[in-house]
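Protein sequences appear in the order of chains A and B. Under our numbering, the first residue of the first sequence is numbered 1, with each subsequent residue one higher. Under our numbering, the first residue of the second sequence is numbered 1, with each subsequent residue one higher.
Hints listed in this document are in silico derivations from the structure and should not be mistaken for laboratory results. Glycine included, every Cβ here is placed at the ideal spot set by N, Cα and C. Please note that the accuracy of each hint is not assured.
[Claimed, not checked] Which bits of chain B does chain A cover? Going by a derived footprint, with three or more residues having C-beta under 8 angstroms, they are:
1) 11 to 24
2) 39 to 51
3) 54 to 68
[As the list claims (entries may be wrong)] Restraint ranges, calculated between C-beta atoms of paired labels, are given here:
4) B:PRO188 <-> A:THR10: 38 to 46 angstroms
5) B:GLY181 <-> A:PRO60: 42 to 50 angstroms
6) B:ASP115 <-> A:ASP271: 38 to 46 angstroms
7) A:ARG71 <-> B:ALA276: 30 to 38 angstroms
8) A:PRO67 <-> B:ASP223: 51 to 59 angstroms
9) A:ARG250 <-> B:PRO67: 54 to 62 angstroms
10) A:ARG58 <-> B:PRO188: 43 to 51 angstroms
11) A:GLN12 <-> B:PRO188: 37 to 45 angstroms
12) B:ASN49 <-> A:ASP11: 16 to 24 angstroms
13) B:ASP11 <-> A:GLY195: 35 to 43 angstroms
14) A:ARG71 <-> B:HIS189: 44 to 52 angstroms
15) B:GLU240 <-> A:GLY103: 54 to 62 angstroms
What follows is the residue order along each chain.
There are 2 protein chains.
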Amino acid sequence: MSRMPTPATTDQVSFLNGRTRLYGIVGDPIEQVRSPEMITWELQQRGCNAVLLPLHVREPDFDAVLPHLQRLANLDGLVFTIPFKARALGLASRLGPQAQQVGAVNALKRSRAGDWVGEMFDGAGCVEAFRRRGLPLAGQRVMLIGLGGAGSAIAAAVAAQKPARLRLHDLDAARCERVAGVVRRISPHTQVEVGVPTVDGMDVLLNASPVGMLGDPRRPIADDSLPDALVVFDAIVKPEVTPLLALAQRCGCRIVQGREMMRGQIARMVDFFLEAD
Amino acid sequence: MSRMPTPATTDQVSFLNGRTRLYGIVGDPIEQVRSPEMITWELQQRGCNAVLLPLHVREPDFDAVLPHLQRLANLDGLVFTIPFKARALGLASRLGPQAQQVGAVNALKRSRAGDWVGEMFDGAGCVEAFRRRGLPLAGQRVMLIGLGGAGSAIAAAVAAQKPARLRLHDLDAARCERVAGVVRRISPHTQVEVGVPTVDGMDVLLNASPVGMLGDPRRPIADDSLPDALVVFDAIVKPEVTPLLALAQRCGCRIVQGREMMRGQIARMVDFFLEAD
Numbered sequence: 001m002s003r004m005p006t007p008a009t010t011d012q013v014s015f016l017n018g019r020t021r022l023y024g025i026v027g028d029p030i031e032q033v034r035s036p037e038m039i040t041w042e043l044q045q046r047g048c049n050a051v052l053l054p055l056h057v058r059e060p061d062f063d064a065v066l067p068h069l070q071r072l073a074n075l076d077g078l079v080f081t082i083p084f085k086a087r088a089l090g091l092a093s094r095l096g097p098q099a100q101q102v103g104a105v106n107a108l109k110r111s112r113a114g115d116w117v118g119e120m121f122d123g124a125g126c127v128e129a130f131r132r133r134g135l136p137l138a139g140q141r142v143m144l145i146g147l148g149g150a151g152s153a154i155a156a157a158v159a160a161q162k163p164a165r166l167r168l169h170d171l172d173a174a175r176c177e178r179v180a181g182v183v184r185r186i187s188p189h190t191q192v193e194v195g196v197p198t199v200d201g202m203d204v205l206l207n208a209s210p211v212g213m214l215g216d217p218r219r220p221i222a223d224d225s226l227p228d229a230l231v232v233f234d235a236i237v238k239p240e241v242t243p244l245l246a247l248a249q250r251c252g253c254r255i256v257q258g259r260e261m262m263r264g265q266i267a268r269m270v271d272f273f274l275e276a277d
Numbered sequence: 001m002s003r004m005p006t007p008a009t010t011d012q013v014s015f016l017n018g019r020t021r022l023y024g025i026v027g028d029p030i031e032q033v034r035s036p037e038m039i040t041w042e043l044q045q046r047g048c049n050a051v052l053l054p055l056h057v058r059e060p061d062f063d064a065v066l067p068h069l070q071r072l073a074n075l076d077g078l079v080f081t082i083p084f085k086a087r088a089l090g091l092a093s094r095l096g097p098q099a100q101q102v103g104a105v106n107a108l109k110r111s112r113a114g115d116w117v118g119e120m121f122d123g124a125g126c127v128e129a130f131r132r133r134g135l136p137l138a139g140q141r142v143m144l145i146g147l148g149g150a151g152s153a154i155a156a157a158v159a160a161q162k163p164a165r166l167r168l169h170d171l172d173a174a175r176c177e178r179v180a181g182v183v184r185r186i187s188p189h190t191q192v193e194v195g196v197p198t199v200d201g202m203d204v205l206l207n208a209s210p211v212g213m214l215g216d217p218r219r220p221i222a223d224d225s226l227p228d229a230l231v232v233f234d235a236i237v238k239p240e241v242t243p244l245l246a247l248a249q250r251c252g253c254r255i256v257q258g259r260e261m262m263r264g265q266i267a268r269m270v271d272f273f274l275e276a277d
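All chains should be built: construct the whole structure from the sequences, respecting the hints.
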């Protein structure tokens, strides 16, 4: 009677096994997030046996579920998206420098000591996108519209680049004053002002408001044309070309897209996840 | 000034995105499990945007963590391995037919109604491996060694195939009597007996004991040779050829490996995960 051959081992995927380390992005809803494919790519490019998963935690479940997720022994980090960015702060036992400045967290990692370190990368991604394009922020005159979670992080990260002037706009006046104070502490020589959106006398226009997102036809500024020397950035990821960026393109401006911020943020976030502490 | 091209989208993986549904295998330790690569492969072969992850839950954390994992809204199923097979039963609100017979669960799925259904596949995998090889169990005389979690599930699944004779051996006499009762209920016409391992008068030898695992040089039977008409199965996955299977090969017996049981179990488990309820 003949011996059966050892079965072939083609019935398995190569990107996942028992030793794979886990990261997750936590949001509600979760279907729209792009981090799973992009951060997993970045992790695997760097030779890590790791994936970043979508973790759909319903809003009322957050406080009960998250501390238990943190007890999964092969989970090394978490990213937070809408509506959890503000609540993630409470899960960190220590804060990195950006998170301390902004007072918010969008990523957590388990340190070697076993505690959880929080950091904020929304701003770092914007600055990294400019750096990759070779576009300066130091010494520039910058208009920033929108000071929510992403916008206030962008304000702090741009401030650290020491622009000559930083004009801030948000519908919430108290928020404007708070962020202006943060910027002044980070960069005492920057001329900080709060006021209506304008491109007059500006080198860089940054939109961090939701105006223009997902079919919204509006632009966050009233102007119908822009000076072609202006660099225009929009933090919005969908659509890739917002009404503001479309106008900027028509006027011959250089544009920086939300996707570029996201890519810059991913690089910095994976640095954070993988560095020793 | 020229417009920048839209960035290329090659910086992402194709096997994971925000809509990916999650399954997990829960164990402590977790590094040795093979389900992540094998079940993920099976899910993706069937066209599902889904992955099965290793979830390392430390033994003392199980009772606190598992009910919270079940609240992840995009988690659709769980598989349990050492040391959690017995404890998984308590997480099910309903049991499938195999789980009812054996009184144990190694998989849970979220039903459409939102409750969790438990089922046991250890036995089904063994029977499926024989079916795929075209090797009968019906009408056969079968010796089964080892009646732990996997062994008692194999006893129940083999009983459902209506063998002529089923001889059971385990070091725990009470366990033997309990499993013999289960077999008699499932297949009243099978001649059920409890006793020392033997291949005399047997057509099929099934090992579900840990003897021969991971470098253990022992065999679960005393014999130094086996009749070449005997079919010899070993539930052990590592090594692929156990000392028992090596002897069986030398004697010209047909062998069925633990990996084949695992593959059969995976097919049945994915059927369970994907069927409507």
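Going down the list of hints, with the structure as the test:
1. For the region 11 to 24 of chain B, the stated coverage by chain A holds: 11 residues have a C-beta nearer than 8 angstroms to a C-beta of that chain, and at least 3 were required.
2. For the region 39 to 51 of chain B, the proposed coverage by chain A is satisfied: 5 residues have a C-beta within less than 8 angstroms of a C-beta in that chain, meeting the threshold of three.
3. Remark: the region 54 to 68 of chain B is confirmed as covered by chain A, as 9 of its residues place a Cβ nearer than 8 angstroms to a Cβ of that chain, reaching the required three.
4. A hinted range of 38 to 46 angstroms for the beta carbons of B:PRO188 and A:THR10 is consistent with their spacing of about 42 angstroms.
5. Separated by about 46 angstroms at the C-beta atoms, B:GLY181 and A:PRO60 satisfy the suggested range of 42 to 50 angstroms.
6. For the pair B:ASP115 and A:ASP271, the beta carbons lie near 43 angstroms from each other, so the given range of 38 to 46 angstroms is met.
7. For A:ARG71 and B:ALA276, the Cβ-Cβ distance of about 33 angstroms falls inside the hinted range of 30 to 38 angstroms, so the restraint holds.
8. Checked against the hint of 51 to 59 angstroms, the pair A:PRO67 and B:ASP223 passes, with Cβ atoms roughly 55 angstroms apart.
9. Checking the proposed 54 to 62 angstroms range against A:ARG250 and B:PRO67 shows it holds: the Cβ atoms sit about 55 angstroms from each other.
10. For A:ARG58 and B:PRO188, the Cβ-Cβ distance of about 49 angstroms falls inside the hinted range of 43 to 51 angstroms, so the restraint holds.
11. For A:GLN12 and B:PRO188, the hinted distance range of 37 to 45 angstroms is satisfied, since their beta carbons lie about 41 angstroms from each other.
12. At about 19 angstroms, the CB distance of B:ASN49 to A:ASP11 agrees with the hint of 16 to 24 angstroms.
13. Taking the beta carbon of each, B:ASP11 and A:GLY195 are about 38 angstroms apart, inside 35 to 43 angstroms as hinted.
14. Between A:ARG71 and B:HIS189 the beta carbon distance is about 50 angstroms. The supplied range of 44 to 52 angstroms therefore holds.
15. Restraint check, B:GLU240 to A:GLY103: a C-beta distance of roughly 56 angstroms satisfies the suggested window 54 to 62 angstroms.
In summary, this structure violates none of the numbered hints.
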